[in-house]
Structure formats: structure tokens, C-alpha cells
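Undergrad: Now for the letters of each chain:
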Amino acid sequence: MKDRAPFKAHFEMLELPLEAGFDEVHKAWLLMKEIYSTESLATMSIADEFGEDDRRRLLGRIEESYQILSEFFREHQPAVDSTVLKLTSTITDYDGNALRTVRHLLHIPLDDVAMSTRVPRKHLENIEADNYAALPVAVYTRGFVVNYAKHLALDPDLVARSYMEKYRKWQEENGS
Amino acid sequence: MSSGPEKKGVIMAVGGGKGGVGKSFVMASLGMSLARQGRVVMIDGDLGGANLHNFLGISRPASSLTDFFERKVPLADLVVSSGIANLGLLTGMVGTIGAEAIKHAQKQKLFNQIRKLDADYILIDLGAGTHFNTIDTLLIADKMIIVITPEIVSIENMYNFLRNLYFRRLGGVLSDHGYRELVVNTWRDRDVLGIANFRELVDCLKALSPEVEMIIEEELRDFAVHLVLNKARTNQDIMTGNSVKSVCVKFFGVNALYSGYVEHDELVSRSVNQRTPYLTAYPASRCSRAIERLTVNLLSGQQVKVTR
Chain D
56 MKDRAPFKAH
66 FEMLELPLEA
76 GFDEVHKAWL
86 LMKEIYSTES
96 LATMSIADEF
106 GEDDRRRLLG
116 RIEESYQILS
126 EFFREHQPAV
136 DSTVLKLTST
146 ITDYDGNALR
156 TVRHLLHIPL
166 DDVAMSTRVP
176 RKHLENIEAD
186 NYAALPVAVY
196 TRGFVVNYAK
206 HLALDPDLVA
216 RSYMEKYRKW
226 QEENGS
Chain V
27 MSSGPEKKGV
37 IMAVGGGKGG
47 VGKSFVMASL
57 GMSLARQGRV
67 VMIDGDLGGA
77 NLHNFLGISR
87 PASSLTDFFE
97 RKVPLADLVV
107 SSGIANLGLL
117 TGMVGTIGAE
127 AIKHAQKQKL
137 FNQIRKLDAD
147 YILIDLGAGT
157 HFNTIDTLLI
167 ADKMIIVITP
177 EIVSIENMYN
187 FLRNLYFRRL
197 GGVLSDHGYR
207 ELVVNTWRDR
217 DVLGIANFRE
227 LVDCLKALSP
237 EVEMIIEEEL
247 RDFAVHLVLN
257 KARTNQDIMT
267 GNSVKSVCVK
277 FFGVNALYSG
287 YVEHDELVSR
297 SVNQRTPYLT
307 AYPASRCSRA
317 IERLTVNLLS
327 GQQVKVTR
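Respectively, the protein sequence lines represent chains D and V.
In this text, residue positions in the first sequence follow the numbering used here: the first is 56, and each later residue adds one.
In this text, residue positions in the second sequence follow the numbering used here: the first is 27, and each later residue adds one.
If we strip away everything but chain V, and leave its shape as in the complex, we get:
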């Protein structure tokens, strides 16, 4: 996978689903938590509405990804201090350019420079929605994180996003092996082939030829998403994470890990308004401890333990 001998930072990205589920809060807090054990660069990749800086308690930095795209400034030069030790921030832009407007070559250049950033952990906060540029960015991550809340709209969005994510990866992998358009064409002919859902599509592709099956098995073996359930209020909410994980595994055939949950806390928005990072303002709160557990789980691959 890695092209050079240089030590690479672990890339973690959060994306998908619905706006307002708390992606930026979870990511900012995760970044702060990781900064206690290594050098972190956070990239606010929400190109339409960058707001990660708010969760870190600072004003919008002057330099942004706009400088990378429009003035060709190297990515590493755009990282600014967040005011928190070990935590650098590379902010997005607001209004000037959307994820849709980025050209393929620019995107590749961006990915290459992200991979080369000098940090132990590189965190990318992506906007909501299922645009393929968002999905492609998530796919470069070593840990793909999806944040959900215990609400039907968020869960439905997440399934939809997961389908798109896996679909795009599947198409990419098969394309790389010379099976260009195979996934798209098979899906287009789904009525003729009797494919009713996503799982059946994958099964049908595997049945096409032993080689295709092998490619899917080999290349997608490590494909895994990390689920984080935010705004949990009850034990049942916490359990919803287990259920969603199970559905991902059983129904979509996608390896999902329930990496953590974070309790609902009214103080999150208060800390944002007061320009104090939540983890600094309430280090001993349930939420802060949940973030710490999430950090450990993400790094170790452990999951939420069922306690009932």
C-alpha cells in the first residue's frame, strides 16, 4: 500500500450521513485526545461550511485550503497552530468552492500531500452528503469513521452513505484489475439479473467469475467502517449502535466496528459558544471520558462492550 519508506501518519476521516450529528465535535475532541500522545494535524475538509475551528475554540485561520487550490501553496505550509499543544489545523473554506468543483488532478495532488504531512495522526473532517469527492477522501483513510445519532433519519442516511462508500470502493478495486464499469453495469442490469439489493449485487459479482470473487475477497477484506454513536441519552440509544453494526455486517456484508458512543450533553454547544474546547472545559465529564474510550478503541480496534 505505502509507496515510500517514510513513516506515515495514521489517517482517520469522518464523513457521511446527515449534517448536525456531531461529526465536527467528535473529530475535534478526538484530535485533542490524540494530541496527548502524538502530533496531530486536523484537516477541515468540509469545503462548503468549514467550522472545525469553533470546536477548538479559535477564530477562523487566515490561510485555508483555498490557498492550496487557487494559489498552489503546499499543504504543509497551510497548517496553523490550534493553540493546543501538538495539534495543527488546516481549515477548509466557506463559500468559495464546493466539493463538487474540485478537479481530478487537484484531488490526487491533495491526497498525496495529505499522506506526506508530517504528523502521527492526520484527522479529516468531511462534510455531510455523498458526493464522490467526499467518498474518495474518506477512502484514503486508514480508519473510516461514520458518526450517527440514535434517530431514524441519521441511520437511514448512514446506510445510504455506506452503500455509496462500498459501491465506490468496489468499483475502484475492480477497475484497477481491468474490470472497468463492471459494478455500474451490473447494477444497471439489476432487473434482468434479479438483484434486489446491495448484498445481492455483491453476491452476483462474486458469482461472475472466480477471479472477480478473489479480487473482492482479497481487496475488500480490510474494508471496515468505524461507527460512533453520538448524542446517546439512554441505554437503549447505546444499544442502537450494536444493532446498526449488526445490520451492516449481516445485511450489507460490510465489516463494521462499533467503536464508541458519546453521551448527549447540552454543555457541548455552550462550550462552543464560549470558545473553549469541550475537552478543556469539562475534562472529567462523561462525554470526555467517552471520547477517551473512543480514542483507545479506534487505535486498538476494540469495540463497545455490551454490558447488559
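For reference, chain D alone in the conformation it holds in the complex:
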């Protein structure tokens, strides 16, 4: 943990112990953002002491800590990332199953994707299941897929092109 000592304040900002992994950092960051992005029951009662500006400043510091820790983990755990990167670079054709596989490799819970991308979880589930019948019209679905791909650090154009191809084919076959 020695190399982590200089990052103590950032782990503390995300209310994590020094030994937390990137998974936890990522989750804590999403949680902190959720807590402080809007006024909540918890912050309302101290509104006179903790105003709009304070909240924005705090959000900025949370974001900064997350960026610094992300950088730290990128440097210190290249093994995991590069394996996934190598694998994803070989995929040229994306369906729901491929997206799900990449997501699992990155250990990102679906709820995190939903929270960050603001794509409703139900739609993400349907995207992963290739459940075209339950997905909204193409223009929306494409937007969801792009956001999802970005969240997984995939090439959004490539993912959207191959995913939508299958979606349209299904539409044609089912006469809609």
C-alpha cells in the first residue's frame, strides 16, 4: 500500500479505504455524484451552511479525485486493461451478447451503466438480450447503444453500425 499513500486524500474523498480496488473507486464515484448532483434529503437540512456553490465545488473535487485515481489504476494495473483491450480490438461485429461479455470482463455492473449513461436499465437489458421487439424505434435505440459503447470504452460508431444492422434486419423480417 506504500505507493498509495500519496493518494490518501483522494481515497478519502470517495470515502474508501486505501486498499480499495478500481471497481470500488468507480462505484464510489458514481455514488458520490448521485448524492451531490442534486439536492437530497441529506443535503437539504444543511442547505443554509452547504449551499449551491459548496456543492458544485465538492462535485469538482470528487471528479478530480476520481480522475487521479483512474490514472493511478491505469498505471498500476495495466495487465487487466490490456487483456480486455486486446480482446475488444479483435471484435468487429457487435451484438448484445458481445456487449455483455465486454461489460463482464470490465466488471461493470449494469446498474452502473444505467446510472452513468442515463439509459434506463430495462433498455440495456433488452440491448444485451437482442430483444429487438422490446426496444424503442431505431433513432432512440441507436443513441442508447452509442452511449453504452462509450461507457465500455468501445468505438461507438463500430458498435452502433453492427448492432443497428441486426436490428434493421429483424425489423424488415418482422414487417415493421
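Since the hints were derived computationally from the structure, they do not count as laboratory data.
One should not assume that every hint holds.
In silico BS3-like links for lysine-lysine, alpha-carbon gap of 30 Å or less [claimed, not checked]: (1) K331/V with K88/D; (2) K98/V with K129/V; (3) K34/V with K205/D; (4) K177/D with K169/V; (5) K331/V with K63/D; (6) K169/V with K232/V; (7) K129/V with K63/D; (8) K169/V with K34/V; (9) K44/V with K276/V.
Since chain D is already given, all that's left is putting chain V on it; use the hints.
TA: Here is chain V on its own, set in the frame of chain D:
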């Protein structure tokens, strides 16, 4: 910290906040849960309106803390059986004496005898409000528990209570080191010193001298409150516990742990009216399982895991 070599029971106390948030229900259930693994004595320290016995499904015991204060009966002799194995009860009193009326010497004697009670776990249920006798009693606990509900009034009350609790501890600690009145005086001069809030007060005190800073850092390092969110109905309610915890840490600079939440259950009041402890009546309910998780978390220092 401990004065003698004898094995001490873990003292857990709940206090503060608002009346009606479910302190007594949470404490009674926690006591029953702990009684499965060790000897428990529960003290109903709600001196104005003792009602813990109701949650254990028994009538008000004949002996009470009144006997300790007025007839000098040793505390250990006043513990009665609760009808539940391993669980003794020491009840408060109703109407005769309030927390305000207790003298300093009596209080010290009470604390000493509480510490010496022969039990693995000693649970103290305190009344609502921020009287300093309530706060001092909470401060003797190894685990200080604050129960909140996902309502603004309860949360605001809790922050206020936490301020008082930390303030009192801070004052006590600095007094012990010869800095009598420092906290009170600094707060009194807050306008001159440019102190707008609680956090700034602590920062200002630390800036006064390296010694004061060291005392605060050292003595208050282990200061932690355990938050329990009661009457949760939705996931968002459960999340409120995370938010409140975060505000305690970030805004008040007070170490808070989100130790557990308990779902709202209409059957709680029914079980009280039927004189059956909730945990006995509905052992497999969500609430009962939540109490079990809370027990584990309190003992281990774990917190509610964020699941979304």
C-alpha cells in the same frame, strides 16, 4: 481506557434525534439478536418515558432506575429477566424523574456501575433530545448508534444531535488536557473568528496550536457514530442512509458508518400491541433479517453495501 483487568461488556447505546423514529424497536430487536450469542443487559435509559419492555412483550418491571437513584440499590440488583434467554432488562421510570434532574455525582456512579455490569453486551436506550445527560451517557458507549428515518425532520434532528455530541466530546477531551472552556469560548467568538459552521470551528481549533491539533486528532480518531435507517420503504430510502453518512463525513468531518437499515413494517406495532416481541413473532420477515445483518455489521464494523 479501561481501568481494571476485568472483562468488560461491549456497551452500545442509541440516542438522539427525534422521538418516534423507532429507537426502542431497533434496540429491543438488537438486544434479542445479540442474546443469541451472549449475555445481554438492556437498560431503558429513557428516563422520561421508559417503554422498552413493550417491545420485549412484557409488563413494566417493578424495580427501576428510580431505586438506584432514590434508594441507592446497586444497579446489578435491579436487572430483571425479560423472559427471553440471556436477556436482562433494567427499566427506566416514568414521570418521577427526568434526565435533567440527575446530579453529576449520581451520573458518574451510574456510569461506573453500568461499566461493571456482568454481561457481554450492555445496550442502553436513551430518550430523544439533546440534553447533556443523554449525550454523556451516549459518549460512554463503545458503539454510539443513531437511528434516523428517511424524513427531513429526522435527518435535521440527527445532524443537530451529532453536532451536540461531537461538540460535547471535543469540549470534554480538551478540558481533560487543560484547555477548559476553549471550545465554548471559541464558538462564542465565532463572529470575530469568522467561523460559519461546525466544520470551520474544528478547523479553527486545530489551527490554534499544534498541541490542540494533536489532541483532537489523537483523541477523536476513534470517534464514530453508527447510523441505522429505520422505516425504509424504497431503495431511495435506503440510499438516503448513504447520503447522510457521506454528509457526516464530508461536511461535519465526523466518522460515520452506515451500519444498517430496517424496512418499514406495519406488523411492528401489531406485535407490540399483542405483547409478542417482533423477532419472535416474525423471525423470517425482511425486518428480522435486516436486524440480523445490522447486528453483524455493528459487531464487525461493516457497512451497508451499495447494490446499485
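Undergrad: Each hint: holds or not?
TA: Checked hints:
The suggested pairing of K331/V with K88/D holds, with an alpha-carbon distance near 17 Å, which does not exceed 30 Å. With a C-alpha separation of about 14 Å, the suggested pair K98/V and K129/V falls inside the 30 Å cut-off, and the hint holds. For a cut-off of 30 Å, the pair hint linking K34/V to K205/D is broken: about 56 Å separates their Cα positions. Between K177/D and K169/V, the direct Cα distance comes to roughly 41 Å. Violation of the 30 Å bound is thereby established for this hinted pair.
The straight-line distance between the Cα atoms of K331/V and K63/D is roughly 22 Å, inside the 30 Å bound, and the hint therefore holds. Between K169/V and K232/V the alpha-carbon distance is near 26 Å, which keeps this suggested pair within the 30 Å criterion. Restraint check for K129/V and K63/D: not satisfied, since their Cα atoms lie roughly 45 Å apart, outside the 30 Å limit. Proximity of K169/V to K34/V is assessed by CA-CA distance (about 14 Å); at most 30 Å being required, the pair is judged to hold.
Pair hint K44/V plus K276/V holds up; C-alpha atoms about 23 Å apart against a cutoff of 30 Å.
Of the numbered hints stated above, those contradicted by the structure are hints 3, 4 and 7, listed in ascending order.
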